[in-house]
Amino acid sequence: LRESDPRYDDLLSEHDIKITNLSVLQTTTLDLATETSVEIHQGIIVSSKHGVRFIVNNSIDISGKVLAVVGPHTAQIVGKYAEKFDDVTLVWADNATALSEVILSSFPRHYSWLFYCGDKALDIIPRTLSQNNVDLNQLVVYKVEKKKDLDKALGSLLDVDLFQSVVFFSPSGVEFTSDIIKNRLSKECVLVAFGKSTAAAISTCFGDIYVIRICDHPTPSGVFECPAELVIVRVFIGNSTRYL
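Numbering (the working numbering), first residue to last: -19 to 224.
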């Protein structure tokens, strides 16, 4: 359940995999004052394209600072605005846990960080940095909501098709769809999670009803890191960053 994304569509089509697309989430950028004392922080953290675009659209000057981002796709978005970040030290990692480790191992503990995040951001980065006495300020710059009419649209989809596997890209995708699809999938259906946090959300919402597989890397090829039977994957339930 997501918008069409050529990175995934092309790769999966090469393996004769049929995909059904349906929007799940909508994201709204908040109207905030941008005087957030950026100058007192040595590092900026973003976990999605929305954080990057908040910086760009508000012309926030982060010259000379470290920009730490979660996920290769977010790093690619930074690259699209290269002229805006030509005097920035960019580091990125596949997930929040890995990025926290990069921050702790690569930069002085006295650095202060500003985290541009959404209202449903996980606490992995704040908790890890706090436990290691690293100063972090969070600023919620966008909110994530369930798409209007999602229940009806998804229900209709489940009425007419049988899915052998469902891939979730975020805890929010799990949260907003689990009540709709629970007990409407075959017990043989495999639920695939991109990342351990998403897997934990699946476990919480679905219990042990379905088999859960985890893809550790948030890339198109990550789908194929899971067992071979997942070549029959059909539905993608994503997040507001890439898979609406």
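Treat each hint with caution, since some may be false.
Result set (SDA-like, lysine to any residue): computed pairs, CA atoms no more than 25 Å apart in a straight line [to be verified]:
no.	residue 1	residue 2
1	29	132
2	100	144
3	176	190
4	100	88
5	60	111
6	176	90
7	123	193
8	176	103
What follows is a list of derived Cβ distance ranges for each label pair [unchecked claim]:
no.	residue 1	residue 2	range
9	92	168	47 to 55 Å
10	176	8	25 to 33 Å
11	112	137	42 to 50 Å
12	117	180	22 to 30 Å
13	19	85	21 to 29 Å
14	19	140	27 to 35 Å
15	160	59	17 to 25 Å
No wet-lab data here; the hints were simulated from the structure.
Yeah, the Cβ is synthetic: ideal placement off N, Cα and C, and Gly gets one too.
Right, here's what the structure says about each hint:
1. Between residue 29 and residue 132 the alpha-carbon distance is near 28 Å, which puts this suggested pair outside the 25 Å criterion.
2. Our distance criterion of 25 Å between C-alpha atoms is broken by residue 100 and residue 144, whose separation comes to about 29 Å.
3. Only pairs whose Cα atoms come within 25 Å are accepted, and residue 176 paired with residue 190 is accepted, the gap being roughly 16 Å.
4. With a CA separation close to 28 Å, the supplied pair residue 100 and residue 88 exceeds the 25 Å bound.
5. Of the supplied pair hints, the one linking residue 60 and residue 111 is violated, its CA atoms being roughly 34 Å apart against a limit of 25 Å.
6. Between residue 176 and residue 90 the alpha-carbon distance is near 29 Å, which puts this suggested pair outside the 25 Å criterion.
7. Under the criterion of a C-alpha separation no larger than 25 Å, the hint pairing residue 123 with residue 193 is inconsistent with the structure, at around 28 Å.
8. A hinted pair counts as satisfied when its Cα atoms are at most 25 Å apart, and residue 176 with residue 103 qualifies at roughly 13 Å.
9. Range check, residue 92 to residue 168: about 50 Å between beta-carbon atoms, so the 47 to 55 Å window is met.
10. Here the CB-CB span from residue 176 to residue 8 is close to 28 Å, well matched to the stated 25 to 33 Å.
11. Checking the proposed 42 to 50 Å range against residue 112 and residue 137 shows it holds: the Cβ atoms sit about 45 Å from each other.
12. Judged by the Cβ atoms, the range 22 to 30 Å given for residue 117 and residue 180 holds: they are separated by roughly 26 Å.
13. Residue 19 and residue 85 have their C-beta atoms about 25 Å apart, which keeps the hinted 21 to 29 Å range intact.
14. Between residue 19 and residue 140 the CB atoms are about 55 Å apart, so this pair departs from the stated range of 27 to 35 Å.
15. Taking the beta carbon of each, residue 160 and residue 59 are about 36 Å apart, not inside 17 to 25 Å as hinted.
In summary, the numbered hints that this structure violates are 1, 2, 4, 5, 6, 7, 14 and 15.
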